[in-house]
Structure formats: C-alpha cells, structure tokens
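Enquirer: Could you fit the two chains together into a complex? Lean on the hints.
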Amino acid sequence: MKHQSEYRDPELAGLQLQALRRTLAGCTRPMTFMEVCGTHTMAIYQHGIRSLLPDQVRLISGPGCPVCVTPVGYVDHAVALARRPGTIIATFGDMVRVPGSSSSLLYEQARGALIRIVYSALDAVTLAENNPASAVVFLGVGFETTAPTVAGAVLAASGKHLDNFYVLCSHKTMPATMAALAGDPELQVDGYLCPAHVSAVIGADAYQPLVAAHRVPCVVTGFEPLDVLQGVLMLTRQRVAGQARVEIQYRRVVKPQGNPKAKALLGQVFEPCDASWRGIGNIPGSGLRLRPEYARFDAARQLPVAIEPPLEHRGCLCGEILKGKAHPRDCRLFRTTCTPEDPVGACMVSSEGTCAAEYQYGG
Amino acid sequence: MKSDLVLLGHGSGGKLSHELLDKLIVPILSGIEQREQNDAAVLAAVSGRLAFTTDSYVVDPIFFPGGNIGSLAIHGTVNDLAMAGACPLAISVGLIIEEGLAVSELTTILMSMRAAADSARVRIVTGDTKVVPRGKADKLFVNTSGIGVIAEGVEISGSNAQPGDKILISGTIGDHGMAVLASREGLDLASNIVTDSAPLNDLVQQLVDGLGCRLHALRDPTRGGVATTLKEIARQSRVEIILQEPTLPIDSAVASACAILGLDPLFVANEGKLLAFVAAEAAEQALSILLNHEFGRRAAIIGEVSAAAPGKVRLRTAVGGLRAVEMLAGEQLPRIC
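Heads up: the protein sequence lines correspond to chains A and B, in order.
Take 1 as the starting number for the first sequence in our numbering and just add one per residue.
Take 1 as the starting number for the second sequence in our numbering and just add one per residue.
Isolated chain B, as found in the complex (with noise of 0.2 Å):
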C-alpha cells in the first residue's frame, strides 16, 4: 500500500480498489489466489439443515481492552450460528470504511479478524469493500454473516426452555459492556476491565456432544445483558425464571465500575458467553464441561426454571428479598447524582 491512510480512490472499482483488496484485505482474511477470486464463493453442498446469521458492527471506539472491532464482528456471528446449536461453515465480511482510517489500524483488525477466524476454525470466503468521504461513517463498520451446519437430533430453541431446567452461565457477566464503555469515555476506574470477546462454537459443540436432548435452549447474552436475554426466553418458552443474585459471577472490578456509575450489570452486554438451559440431572455434568473449557473457567447455576408464572424472570436478591427482573427500554445510562 502506497498511502498510509484509506482514501475515497480505494472504493472506486478502479486500480486503488484493486491494491487495497489485493495487497491487504483479500490475503489476510482469506489468502485466496487473484486466480480463483470469483463474484460469489462456491461452497459444497452438505446434508441436512443450515443455520444462516447476520449481524452489524458500529462498535464506539474501534478498539477497545482486550479486542477490536473485527475479532467482535467473527466472534458475534459465530456465536449466533453456535446458539442454534449449529457448526459455523462459511462466513462473509462487509467493511464500510470512512476515508482516512489508518492503513496500519485496518491491517490490525484484519488481522485478528483472521486470527477470530481461525481459532473459530471457520472461513472467510465472501466479502465486500466501500470507501465513504469523512464524516459520513464512523471509522469501520463492518457486516459479518455466517452459515451453519445443524447436525443431526439437535434441537436448541428459545422456546425450548422447560420446567424445572437449571440457568447455567459460562462465566463472569458485564464485561464486554464496560470494557467499552470505559475506553469510551475514558473511564481510569475502569480501565482494567477487558472484554470478554470469545468464540463459543467448540464450548457448545462439547455440550451438544456431553448432553445431547437434555441440553435445551441456548442464548448468548449480547446487547440487553442476561436479564433482556433471560426475559426473552422465559416469553418464548412461557416459562418462569427464577435468578439467585449471590450465584451471578461478576469480575469485581466490573461490580465497583458498575456501582459507581449505577449500572447494573445484569444489563450490561456480554461478547463471549453463554446461558444454557439444561435439564435438572445435567446440570452438574454441563457445569463440568463448562469450568473445564477455556472458555468457561468461571461459570455458575445461576437459577432455574418454574412453570408458576409463565414469562416472568424474577430475582431472590443477596439480602433474600425478591423483585421483578425487566426489560431495559433504552440503553442504561449513568445516574445523576
């Protein structure tokens, strides 16, 4: 690359176009010979059903404690085809990148883009470049879509959730939300906070292959925290769900930034975890399989499930009270005073 930033001239279609696919994008993300770059990639057919996901990322900054904008975009499309319980195949990657963005930042998302790809062991086959004058994008957005494969007799499902379940969580909740947040606003309290940014297809493939139909539903807690996601669940089984607050794993410096900003971190976005639903006598087995993963080296029985009052999520707080557990309706924002 000649220049060191991202000019209009690289979306053009024309020889700069060509330079920044060919000497950066395509052989870091794929290393697909000029020779075989076609207008579509051509995958073979397989047996059976697909899981097909999409998602978008305009994540504020770009780069952030423990992860970037790219390695979140693999990662967060992975994780969806995982949730339904599907073995990610093929995924595609969309940049809209605003003019100026730094060559040298570009190559490191991309990179560990490759990197997120990799240790998903899934490929990047398909994708798509636009350059947009300053001003009218912010950095890099980028699009990732993903198609799974769903073996055979897995049946993961929202709406799957039964009586009498046990709530796992794969590990410490909150994380990836205020790792943003801090470096966002520049937040010193919190600046030792690292996002939790993780692919979890080998994580549920082992609780697929360990549990097999006692595994029932499976979500990652994204945008919304485990309490929007939770909520979602108990609407779609029409179950009850009832929490333990004292069983939440939550990172201690996540739990002070929180309480100083007052958040509440059952609302705060996670990027690596997961929340089974799993039958009662599984339970022990599947926390097993989760503590022993790199991946869940801090998970908990976080509650269960009841018949009693069907879409509600309820909490039995620290102190033994019990309360309502809802729907954020906007983004959580810090207290006044």
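For reference, chain A alone in the conformation it holds in the complex (with noise of 0.2 Å):
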C-alpha cells in the first residue's frame, strides 16, 4: 500500500538504528521519552520497535488516548443520559465499554438504552434528524484532532435548526497537558514524541511555550514505525547538543502554523476551560466547552440529569500509568482483575490504552 510500506522499510529502519547507536556512543546516561499520543503507543507496540532499540533509550506511554483520560464522573453522565426516556447515545465506539462508577453503556444497552456507535460526529446528526422525537447526545470526546469534526456537527445542526442534537463536551487539548507532566519533579521525561495528527490542527508552534518554559526537546512525529524510530532519533541528538527545540519530522503533514480552517472552526464553537483528567487531576485551560451561542446544543446545561457520585477502583493504576510513572505491568489489577473481557481501568478498555496495547501486544 502506497505510504505504508515505504515507511516500513527495514533497510532504512535499520540505518535510522546505526545513526542512533552512533549518537548514543559515549553518552551513559539513560533516556527516557514520552510518546503522548495514543496511536503513538499503539504503533509502539504493533511493530516491535521497543525491542529495536538500544536498552539506553527508554520510551514511556502518556496520557494521549482520550477515552483513557475521561474521568470515571463523565462515563456516569453518560449513563444517566442513556437511562433517560427518549434518549438516543452517540459515540465512537471505544466508549461503550468504559467502567463507570457502577455501569457502562454497553450495560445500559443491555438492559434496554439505545447506544449508537457512530464513525464521525455527523451521523449523529443525521440520526438527530432521522429521529426527531428522541434527543440524540453524542460523546464529545477526544483531543484537538477530533474536536474540529464535533464543532462541524454541532455548526450542521444549528443550519438545519435541529433542537434534539446535543453534545456532552469532554474535549480535552495538550500542550497544557504536557506542560503539567513536565513541570512534575517525579517525572524525568527527556523528550516528548509530539502527537502527529493533534499537531496537524494546531501546529508545531503550539509547542514553542513548553520548550521555552520547560526546556524540553519536542518532535512532532509520525505514526509509522520509520517515522518514530526518526523521532527518537531527532530527539536523542537534541538531547546530547544538549538543545531543546521544536522539530518536525512528520512534514509531509504537519505546519508550523497548523490548519488554520480547523483551528478557525474550534475558536467558533469552544471556548478553553480548565478539564479534569483521569488520573491525573485538574489542568486550567487544557479543556474545551462550547461557546455560550451554542449553549443550546450542551447536553450538561440542557438535559438535568441526576448522576451518581464518582467511584474509582482501589488498587487500579490508571493515573500513574497515564503519567508515565507507572508500568501496566506494575499494576497488580493487571492481568488478573483487569482483563480486556473485563476491564477495570480505561487504559485496559481504548484500543490505544497501554494497558490494552501491553496485553495485546506485550506478551
């Protein structure tokens, strides 16, 4: 397939590992990198390239899956929706199976909820217009890359004059995100793996007030293994310069300066607001909610519902695992409670959590 095998090529992988080695010579000292996206993570695993690379240089999963980083009291929002008469849910399906406090939707479907999983924000106004009786809320869930889509779905419904479309926001956007994870004293990360299609949106220059701030090397990079094993290499010799610079190595996709249009369509409808992440607590500003015009479209302001009290899992590591602390492996859940069959944490649930990917692909 044209763009996959080229990037897969294991002559070049091969001289990208040379070149690392030869970068390395001479430096003792460990690395230790965070790739912060969760098809990062997942491409991590599904080509091997861990067990490519020198011991020296160790790479950590971060908090870049969105179902992993949605706290356990959103999943119950949602499952007070589903439970209300005449609600339609619509969610990409990762959703579905996501513990809350003490359901899921794929429970609740069970027991009667209607659950639609829908592949783009779209459907699920055309599912609002198919039904007008029913209210129709889609799970607005996901980073700067999804975001752009829901705000086109919710500037869709407002031209066709939908009152039965809504959205339960949970939006969250990184680069606060990864500031907060740099600033933690617990935390060496050496460099981070930028994410490749978040940065499509909002540009490489996104990235400028970390590195100034934090003095952290920051590659935006791509999702094949060629594309990470340049990463880490981009960042390696920016380490060893001792600089800490915003690179690009996935150009052929990412600018500077971002897609203006989709930053454009994400200032019209949200507006930043602080989000609280699973796991990891409350970050100011690294949220989004939609802007008060369109405040007839929030499911939260528009459709009360009575939500039970958050309850998280004793012993589950999700948080730590979210940080970079801790290894799926160091959670004792892992494997024995926390099953993908029967997960406990979200990271065991997304098909880009760590957890997830480690079971799948760990062995």
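Keep in mind the hints are simulated off the structure, nothing from the lab.
Here a beta-carbon is modelled for each residue, glycine too, at the ideal position from N, C-alpha and C.
There's no promise every hint is true.
Said to hold, decoys possible - So the derived list for chain A, only partly shown, Cβ under 8 Å to chain B, looks like this:
| id | residue |
| --- | --- |
| 1 | Q46 |
| 2 | P54 |
| 3 | Q56 |
| 4 | Q360 |
Expert: Here is the structure:
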C-alpha cells in the first residue's frame, strides 16, 4: 500500500538504528522519551519498536488516549443520560465499554438503552434528523483532532435548526497537559514525541511555550515505524547536544502554524476551560466547552439528570500509568482482575490504551 | 406466492406455510417432489468416520458485496467440515424469518444457497422454517448443520501442528470482515471490498490428496481472524508460532480501510480462507496446489512452528521488530482519534 510500505522499510530502519547508536556512543545516561499520543503507543507496540531500540532509550506512554483520560464522572453522566427516556446516545465505539462507577454504556444497552456507535460526529446529526422525537446526545470525547469535526457537527445541526441534537462535551487539549507533566519533578521526561494529528491541527508552534518554559525537546512525529525511529533519533540528537527545540519529523502533514480552517472552527464553537483528567486531576485551560451562543446544544445544560457520585476502583494504577510513572505490569490488577474482556480501568478498554497495548502485544 | 412480503401466517403451519415451502423454499433448495417429503431425510449409511457441525448466521446486513447470508451459511458449514478433512455429504437449513421480509429478497438468498451448495457438490436434504413477529428477529437468521465423511488415513487436527511445520494461508486476509463492515456502516472508502466467502472443500481435497500425512492441521480463520485462529492452534498443539509480517497477503483496499479505521487485518474475519500447517518439505508443493486453485490464487507461506515457547504466537514486523500476538477480547472497535 502506498505510504505504508515505504515507511516500514527494514533497511532504512536499520540505518536509523545505526545512526541512533552512533549518536549515543559515549553517552551513558539513559534517555526517557514520552510518546504522548495513544496512536503512537499502539504503533510502537504493533511494530515491536521497543525490541529494536538500544536499552539506553526508554519509551514511556503518556496521557494521549482520549478515552483513557476521560474521568469516571463523565462516564457516569453518559450512563445517566442513556437511562433518560427518549434519549439516544451516539458515540465512537471505544467509549461503550469504559466502566463507570457502577455501570457502562454497554451494560445500559443490554438493559434497553439506545446506544448507537457512529464513525463521525456528522452521523450523529443525521441520527437526530431521522429521530425527531428523541434527544440525540453525541459524546464529545477527544483531542484537537476530533474536536473540529464535532464543531462542524454543531454548526451543521445549527444550520438545520435541529432542536434534538446535543453534545456531552469533554474535549481536551494537549500542550497544557504536556507542560503539567514536564513540570512534574517525579517524572524525568527527556523529550516528547508530540502527537501527529493533533499537531496537524494546532501546528508545531503550539509547543514553543512548553519548550521555552521547561527546556524539553519536542519532535512532532508520524505514526509509521520509520517516523517513530526518526523521531527518537531527533530527540536523542537534541538531548545529546544539550538542545531543546521544536522540530517536525512528520513534515508531510504538519506545518508550524497548523491548519487555520480547523483552528477557526474550534474557536468559533468552543472556548477553553479547565478540565479534569482521569488520574492526573484538574489542569487549568486544558479543556474545551461550547461557547455560550451554542449552549442550546450542550447536553450538560439542557438535559438535567441525576449522576451518581464517582467511584474509582481501588488499586487501579491508570492514573500513574497515564502520567508515565508506572508500567502496566506494575499494576496488580493487570491480567488478573483487569483484562480486555472485563476491564477495570480505561487504559485497558481503549484500543489505544497502554494496558490494552501491553496486554495485546507485550506478551 | 401471492404476497410480496413474508407474513406471520407463512409460519403458522397451515395453508400459507405450505405455499411458502412448496412454491419457494423446497423447489429452490432441494427440488424434492412433494410426495417424497417426510419428517426426516433418509441417507444411505457410509463406512468410516463422520464429521458433524452446526453454525448459525445472523450477519447484518443480509446482503453485502460479493454475497449474502445464504451463500455464507452454506460456505461456512461446508468449510467447517472441510477443515476436519471431511468431504461434505448433506446439509440442513433452518430459517428464522422476520415478518415483513420481501419475498424477492428471500428468493435471491435461497437461490444463492442452492448455487453455493451445487458448487460445493453437497445436497441440502432437510430444513425448517419459522416466521416471527416484526422486531423479534432481524430480517433473517439462518442455521446450517452438515455431515461429512472423513476418508481412511486422514488425520487433520488443530492439535497436530508440529515444530518445523510451515504455515500457509490460501489468500488475502480480512476481506470478509471489511466488506461487511463497509456495507453495514456505509463506508464509501471501502466500497470496493468484496467478501471472500467461498467453499474450500475442493481445495482441501487437493491438499489431502497431494500431501497425505504431511498435512498436519487446517483451520479457517473466520471470526477473530488469522491471529485468533493461530493462537488457538498454538495452544492446542502446544507449539510456538512465528509469523513474518511482510509475507501476509493483504488486499490494498483492505489495508487502507484498516489503516484509516485503526483495525488490524490480522483480527478481521475471513470466510473463504484456510490456514494449513504442513511438514517443511511439503511446503512448496502445498503452495503450488493452493496457487493453482481458483480459491488460492494469492496464497503464501506466512510463518513457521517452533517448540520454543508453547502456546505463544509472535510476529516479526516489517521493520524487524518482534511482538506478541494475542486473541482479541471483544470486537475490534474503531479508534477515536
């Protein structure tokens, strides 16, 4: 397949690895790089990248799986809405299996709730058009990659004058969270493999304040194996030379200024707000909420429901794992109580969660 | 048929039921005269061992590119028999029809069942039909059971894979799952993907004839895909399986659709493919048998068996990395970002 096999070429991979070893020659300190995005985590496992890297280079997974960082209270809210008569929940597939405090959307579906898996936010608008007697609630979860499509759906619903389309908004943004982690003294991150498609929207320049404040190298990296190897090499070169800059490895897609159209859409429909990250806590300015002029689409405001008090499973290390401080195998629930069939924490549910990746590919 | 829709009365056991059976189902599926119909089909006794299997089909949608629930139900059961090394002898067909199914759609499905049975050279000898109220089933559910005869000396089993064996796949992986997903979800990006649903009994017969006891294990990688099937065999045979990613045959449209949706083709269902474990010295012969058959045109040797880590499946990736392959917990879900 075009644009796939070229980025998996074993000879080129060998050359990248040679260059990495040369760069590291004479340097004894270990290098810890965080891949922020869940798609990177998956790609690194799927292609066996860790088995290729020198021992000195350690890759840790960050908080970039949107499902994993969604707080349990949000799932409880979605469950409460699913129980509301005359309501249809429209969601991307990963969310249905995430356990809330006492239920999940999958369980509510078995009890008779109407849950529809969609592949795009616009499908939820169509669902609302086709079901005028129902309230259709789209679960707005995801980073800057997903949020513009949800903004587009809100504008489409507005244009069609729909009064039964809502978004339960929990969108999050990346750079503020990466800054929070970079400032965490327990976590020594030597560099970030910055998310590929988030950066396509926000642009690589969005990481300049982070680099300036924390002197941490940032390389916007693609998702194919050669991309990841080159991203690691670029981070290592910066670190060895004592530099901290924003670089773009994923040049075929990402520009310094990002995608102005998508950014304009985001700004038109959403505004920044504080957001709660599962396992990490509240991070000021790291979320998106609907602007007041679109409040009529806000499920949280328009469809009041009673939500149970949030209850996290004791012993679940998701929070530490999302911060890169623990490895899935450090968690005593991993593979015992917590499995993909019966997940305890969100990191095991999402196809891009670190625990799911370790379970599936870590062997 | 007077009505253009299947009505509840067509399942009542009365006149309407007889109309549905005598005018549509029986003539298309078996062609048996009314005077020959009894409560049970009677088959001649055979000597040796029999294989017996059953499977129910609830695919949604019932029509998808390259096939429908009817052809799928016949191929599925024929293939389950074939994977035991059996030559299919007879098949039963149970239909559960939702009230309101168009008679024209039912007719199309029945005709493709008959065509599928004819091409696999197996007879549909008995069956049952029920009609349930709207909403109590989804258009049409089909159950097929089949019996087949295993020839003397054939020993094919999932527990018979041996260290040193080569593993072959009869063609591209993930076609069926992606074809159904694309048509269910109306994904334009994958509209050119066609199911691989096909009867594999003739292909198996040729492998059995050509390789004899050097053919150790066969399985069709249906739900759960190639990865799940290999994991089953690794456990059953207590061997390790090493796959070579670059050798896996994947149609480019399937690869693209999987890449966009975040799915791994190793876990996507097939309905017309087989995995064969053969003694190393017979691998080239097995490959040429597959390549020369209409259902094996893109066959490949994709890995081998070792004794090192019983129960494990590992994949050598295109860039040279090594990673584990596990069974999938639930359905593969599309990624969120």
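Enquirer: Okay, which hints does this one fail, numbers in order?
Expert: Violated: hints 2 and 3.
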